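Protein chains: 2
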Amino acid sequence: MIDLALLGCGGGMPTPERYLTSLLINYKGRKILIDCGEGTQVSMKLLGWGFKTIDIICITHGHGDHTVGLPGLLATIGNSGRTEPLTIIGPEGITNIVNGLRVVAPYLPYPINIIEAPADSICLSFMKDGLKIQEDKNHHISETIVISTLSLDHSAPCLGYSFYITRSPKFSVENATLNRVPKILWNKLQKGDKVIYEGKTYDPTLVLGPKRKGIKISYVTDTRPIEAIANFIEQSDFFICEGTYGDDEDFEKAVKNKHMTFREAAAIAKTGKVKELLLTHFSPAMANAEIYINNAKDVFENSKLGEDRYIKTLSFTD
Amino acid sequence: MIDLALLGCGGGMPTPERYLTSLLINYKGRKILIDCGEGTQVSMKLLGWGFKTIDIICITHGHGDHTVGLPGLLATIGNSGRTEPLTIIGPEGITNIVNGLRVVAPYLPYPINIIEAPADSICLSFMKDGLKIQEDKNHHISETIVISTLSLDHSAPCLGYSFYITRSPKFSVENATLNRVPKILWNKLQKGDKVIYEGKTYDPTLVLGPKRKGIKISYVTDTRPIEAIANFIEQSDFFICEGTYGDDEDFEKAVKNKHMTFREAAAIAKTGKVKELLLTHFSPAMANAEIYINNAKDVFENSKLGEDRYIKTLSFTD
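Protein chains in written order, with our numbering: chain B, 19 to 336; chain F, 19 to 336.
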C-alpha cells in the first residue's frame, strides 16, 4: 500500500487559489517528494504527514515554480530533528541550483547528496531509518522502489519520473521443500540474500514463488507531448501529468510555452494504457479547470482534475 | 499620505496560519517592499496593490524567512510587464544572496541594482516612472523618501530600516515678494531647483515657507534590543518591530535566538517616543499572540498586534 498526496495543482506562480504542483509519496511512513515550489512546505504542513521522514526529493527542472520552496523546506526538515542524509535527484544543472538556493540555508543538521541527471534507474531499499539507495541492483527480491527518469521537452533540462514499487514474491514452502533447502536458511533466503551453507550456495529463488505485480506511479511535468512519454509511463497505476491549459484553443500557447493541453495529456494516458490520469500544473490564467475536463475525458475516460492535497491510496492487486 | 500593508506577521517559517513578516509601503502608487519570505507574493496578490510598481526592495538579512520568496517575486514582477530597473538594498552579503537565489530566475526583463550595506542614507525622488535614487542629496525640498539603515544584533548581518517621507514647504507669496523674486521664476523655484536668471542666482528657499514635518516609519527585525535602536526609530509615526515571543517567560529563548519579547519591543517604542508600535514576526510556536499583548501595553500603551495584511494610512500632520 502506498499513499500519494498532490500538494498543489498550480503552475507558473503561487496564487491564493492553488499551491504549486508537487507530489508526496508515502511508503510505510517514509517519503519521497517530487518538486518543491514556493509554499509547498505550507501545503505539507496542512497535510500533516510530517517533515522528518522525507528521504528523497526529486526535482523535475530548475524553474522557480518547481524549486523556490527548496531552501525553506530543507531548513524546516532540519528543524524537525533530521540528522540522516537526504538525497536530491534532478536534471542537468541541479547541483548548481541546489547550491545557489542554499545561500539562504547553508547550515543544515543533515548531509545532502545530489544525484544529477542519473543515467540509470535508482533503486531504493526500505530500511529502518529511511529509504536508502541500493548499491547492489541485483538484490530486487524484497520490496523496493525503482526510480526511473525520462528527458522531457521543456524550455529547461527537465525530467519525468516513474516510481515502481516492487513486490516480493510469496514464500513457497513447496519450492523450498522441492529444492531441499535446509529450514534454518528459509528466513534469510526469503529476505533476498544469497546464503552459503556447508559449502553450498543457496539462491533466494529456491524458496520463493512467482514474481508479483508491483505498483507504478508516473509524474510528468513540464513538457510538450513527446513520443517517448507513452512508453515511459506504460501501464502506470497512477499517472500525474501536466495539463497547463484546459481549453483546446490554448494549443498554440501550449506549443509556445512548451506545455500541454488537457487533450494532449489524455492522449498520452491513452497510448500509455495507464489506469488513471490526474491532471495538474494549471495555468494561473485558468480560474476554472472544471469546465475543460471533458477535453481530457473525450480521449481518456479515467481522467481527473488535480486539487490541492488530493489524496490517493494504491494497493498491490496481485 | 502613505499606505502601509503588513503582508504577514509570522517568523521562522511560513505556516498555514500566518504569512511571513514583510511590509509594503505605497507612496502615490509606487512601492517599497521590505523583506520577502516564502509566500510573500501570495499575500501581495491577496492585497491587490499590484507588482509592476515595486521600485525598491529592502532586505533586512539573509535568513530564509526574509528572502526565499525573492526569486519568485522577481519573476512575477517580470511577468507583470516591468522593464524599469529595480533596486535591492540589503546588508553585507546581499549581493551573494540575490545572485544565489536568482539561479532559478536568471532572466528578467528589467535590470536589478543592488546596494550592499549602504554607508549613508539613500534619498528617493518620486518620478513619473517610479521612485529613483537621488544623486544630488542637497535637493531635498520637494517630497522625497529618505531611507536610513542601522546595523542590528542578530545571528546574521542584519539592517533595521527607517523611511522618512519629507514634505515640501508651502509656497510663500510673502517671502517671494519680500525677496523680490521675479514671478516668472516662482514655479521652478517651488519645485526645489536653483535658477540663474539675468546673471543672478535664485535659491528655492527665497519663495518657500518654513520646513514642515514629514512622516517617519521604522522597521526593525530580527534583533536583540540594542541601545542604538531607540535613537534610530525616534519619533516614528509608525514603528514595526519584531516581537518573536509574547510570553515574558520566553526571555531566555529570545536571548539565545537573538530575538525580542513583546515587552522588550515595547520598551524600545517607549524610549524612542514613537506614536504607535506594531508587533510582528511571531514564533510559529506561539499560536495565540493575543494573550500576551498586555506584556507590551504595560510598557507602551499604543502597542498593536500585527495581522496578515494589516493596513495603515499615515497622513502629514503639519
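The hints are simulated quantities; they were obtained by calculation from the structure and are not laboratory data.
Computed from a prediction, not measured in an experiment: that's the story for all the values here.
Do not rely on the hints blindly, as some may be mistaken.
Pairs count within a copy or across copies, as identical chains cannot be separated in the list.
Straight-line C-alpha distance at most 30 Å; calculated BS3-like pairs for lysine-lysine [said to hold, decoys possible]:
id : residue 1 : residue 2
1  : K315      : K206
2  : K63       : K322
3  : K206      : K46
4  : K218      : K315
5  : K146      : K229
6  : K229      : K274
7  : K201      : K274
8  : K63       : K274
9  : K274      : K70
10 : K63       : K271
11 : K274      : K209
12 : K188      : K315
Practice prompt. State whether the alpha carbon distance between K63 and K274 is at most 30 Å within one copy, between copies, both, or neither.
Written response: So K63 and K274 pass the 30 Å test across copies only (26 Å; inside, 35 Å).
Worksheet entry | Copy assignment of K201 with K274, given that the CA separation must stay at most 30 Å | neither (64 Å within a copy, 60 Å between copies)
Fill in: Homomeric proximity label, K274 with K209: Cα distance no greater than 30 Å
Close neither inside one copy (51 Å) nor across copies (49 Å); limit 30 Å.
Worksheet item: Checking K206 and K46: alpha-carbon separation at most 30 Å within a copy, between copies, both or neither?
Response: within (22 Å within a copy, 75 Å between copies)
Worksheet item: For the identical chains here, do K146 and K229 meet the 30 Å Cα criterion within one copy, between copies, both, or neither?
Response: This pair counts as within: shortest intra-copy Cα distance 25 Å, inter-copy 72 Å.
Worksheet item: Given a CA cutoff of 30 Å, do K315 and K206 count as a within-copy pair, a between-copy pair, both, or neither?
Response: Result: close neither inside a copy nor across copies, 48 Å intra and 68 Å inter.
Practice prompt. Tell me, please, which holds for K63 and K271 at an alpha-carbon limit of 30 Å: within, between, both or neither?
Written response: So K63 and K271 pass the 30 Å test across copies only (24 Å; inside, 34 Å).
Worksheet item: Is the C-alpha distance from K229 to K274 at most 30 Å within one copy, between copies, in both cases, or in neither?
Response: neither (45 Å within a copy, 57 Å between copies)
Worksheet entry | Within, between, both or neither, where K188 and K315 count as close if Cα-Cα is 30 Å or less | neither (38 Å within a copy, 69 Å between copies)
Fill in: Within, between, both or neither, where K218 and K315 count as close if Cα-Cα is 30 Å or less
Neither way: K218 and K315 sit 58 Å apart in one copy and 82 Å across, limit 30 Å.
Discussion item. At most 30 Å between alpha carbons: which applies to K63 and K322, within, between, both or neither?
Written reply: Result: close both inside a copy and across copies, 24 Å intra and 28 Å inter.
Worksheet item: Within a copy, between copies, both or neither: where do K274 and K70 come within 30 Å Cα-Cα?
Response: between (40 Å within a copy, 24 Å between copies)
The structure is inconsistent with the numbered hints 1, 4, 6, 7, 11, 12, although it conforms to all the rest.
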